[in-house]
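Engineer: Chains as they are written, first to last, in this note's numbering: chain A, -16 to 56; chain B, 152 to 390.
Among these hints, one or two may not hold up.
Stated by the list, open to error - A short list of chain B residues far from chain A (calculated; beta carbon distances all over 10 Å): (1) R165; (2) I171; (3) V183; (4) Y211; (5) S278; (6) L281; (7) D332; (8) E342; (9) H343; (10) V374; (11) L383.
Unchecked claim - Have a look at the derived ranges for each label pair, beta carbon to beta carbon: (12) V272(B) - A17(A): 34 to 44 Å; (13) P7(A) - S286(B): 23 to 33 Å; (14) S(-14)(A) - D355(B): 10 to 20 Å; (15) G362(B) - A29(A): 42 to 52 Å; (16) V272(B) - R28(A): 32 to 42 Å; (17) N320(B) - L26(A): 44 to 54 Å; (18) S(-14)(A) - P327(B): 30 to 40 Å; (19) A17(A) - N345(B): 15 to 25 Å; (20) G217(B) - Y47(A): 30 to 40 Å; (21) N345(B) - L27(A): 25 to 35 Å.
Read the hints as simulated data drawn from the structure, not as lab findings.
Backbone N, C-alpha and C define an ideal beta-carbon position, used for all residues, glycine too.
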Amino acid sequence: MASQVHDTAGEAVAERGVVMLEGPEGTALSLTPAAAKLTGESLLRAAAQAEQQHQAVCFDVAGYAAKRPGVQQ
Amino acid sequence: MLTDKFLIKRRRNRLSAEAIGALEDALEDVRVLPARQTLTCEDETVQASTYLIDGFMCRYVDGRKGQRQLVAIHVAGDFVDLQSYPLERIDHAVTSLTDATIASIRHDTLIGLMHRHPELVRLLWFSTMLDAAISREWIFRLGNLPALGRVAHFFCETATRLSIIDVGNEEVYPLPLTQADIAGACGLTPEHFNRVLRQLREADIMQFADGVLHLRQPEQAKVIGHFDPGYLYIDDVID
């Protein structure tokens, strides 16, 4: 799998009782329905955590910039 | 001639007639390996290398949980395990995919052959480096291409390799492999491979059925598969 963070979503499709996750780029997985559900739930949880982490990083940068005039926010 | 496909349209024209004759004479034990039969097991010590005269063979690695990863496919004209000469032990298994006509060249014979015909050293080395180049491309394929691209790339590569040994034509290639074989080479489940195959067929780009590959739109297939044949080193215009 490519060693970069993707900003495009993968696409999941169901066929012959199997869930297939395609993309982005090198991702091509086949999952049972149960495994796909658990993976989906896990992805949603991780995405929520990652958003919080991202907001925290932005807040830190904004706070630092407020104390240092001339630093771009 | 057993070796008439060895490095054809690559560097074969750099070999003298004497060297080609000597290589031909060094091959022994010509036989047919039935389809789906293991030639060499992982970790086996070997004292001869195998030249594929006709048919398809592959190399694979089995994981600890029994999952099998196909890591190379060989066509006529390939040495399937020339690297076993310097390595002495083979770190993967070699098996036939179809009935395969093969011949052996003993490693001690190989030493004498290279001593008497130094130009063979470079070409045999080239042959193993070609295997490595194809392996690198397979890593790229599995690591960076989506399912559609992987399958398109595999078919483009295989069609190109077959065309240089004069098997098939620009659009139709006999490819007596199963869908499971190709799915394995592309790191896909058979279900996923089947879906991709249908997508390619419905887009009229290519069709694979009954062991025959039809490349309807070769250029479009190359675009989808990010296929550039440079790594196959087909650089001899005239043989």
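Engineer: Each hint: holds or not?
Structural biologist: Hints, verified against the model:
no.: 1; hint: R165; verdict: 37 Å, holds
no.: 2; hint: I171; verdict: 42 Å, holds
no.: 3; hint: V183; verdict: 36 Å, holds
no.: 4; hint: Y211; verdict: 19 Å, holds
no.: 5; hint: S278; verdict: 29 Å, holds
no.: 6; hint: L281; verdict: 24 Å, holds
no.: 7; hint: D332; verdict: 17 Å, holds
no.: 8; hint: E342; verdict: 5 Å, violated
no.: 9; hint: H343; verdict: 5 Å, violated
no.: 10; hint: V374; verdict: 16 Å, holds
no.: 11; hint: L383; verdict: 22 Å, holds
no.: 12; hint: V272(B) - A17(A): 34 to 44 Å; verdict: 56 Å, violated
no.: 13; hint: P7(A) - S286(B): 23 to 33 Å; verdict: 24 Å, holds
no.: 14; hint: S(-14)(A) - D355(B): 10 to 20 Å; verdict: 35 Å, violated
no.: 15; hint: G362(B) - A29(A): 42 to 52 Å; verdict: 44 Å, holds
no.: 16; hint: V272(B) - R28(A): 32 to 42 Å; verdict: 58 Å, violated
no.: 17; hint: N320(B) - L26(A): 44 to 54 Å; verdict: 46 Å, holds
no.: 18; hint: S(-14)(A) - P327(B): 30 to 40 Å; verdict: 37 Å, holds
no.: 19; hint: A17(A) - N345(B): 15 to 25 Å; verdict: 21 Å, holds
no.: 20; hint: G217(B) - Y47(A): 30 to 40 Å; verdict: 53 Å, violated
no.: 21; hint: N345(B) - L27(A): 25 to 35 Å; verdict: 29 Å, holds
Going through the hint list in order, the structure does not satisfy hints 8, 9, 12, 14, 16 and 20.
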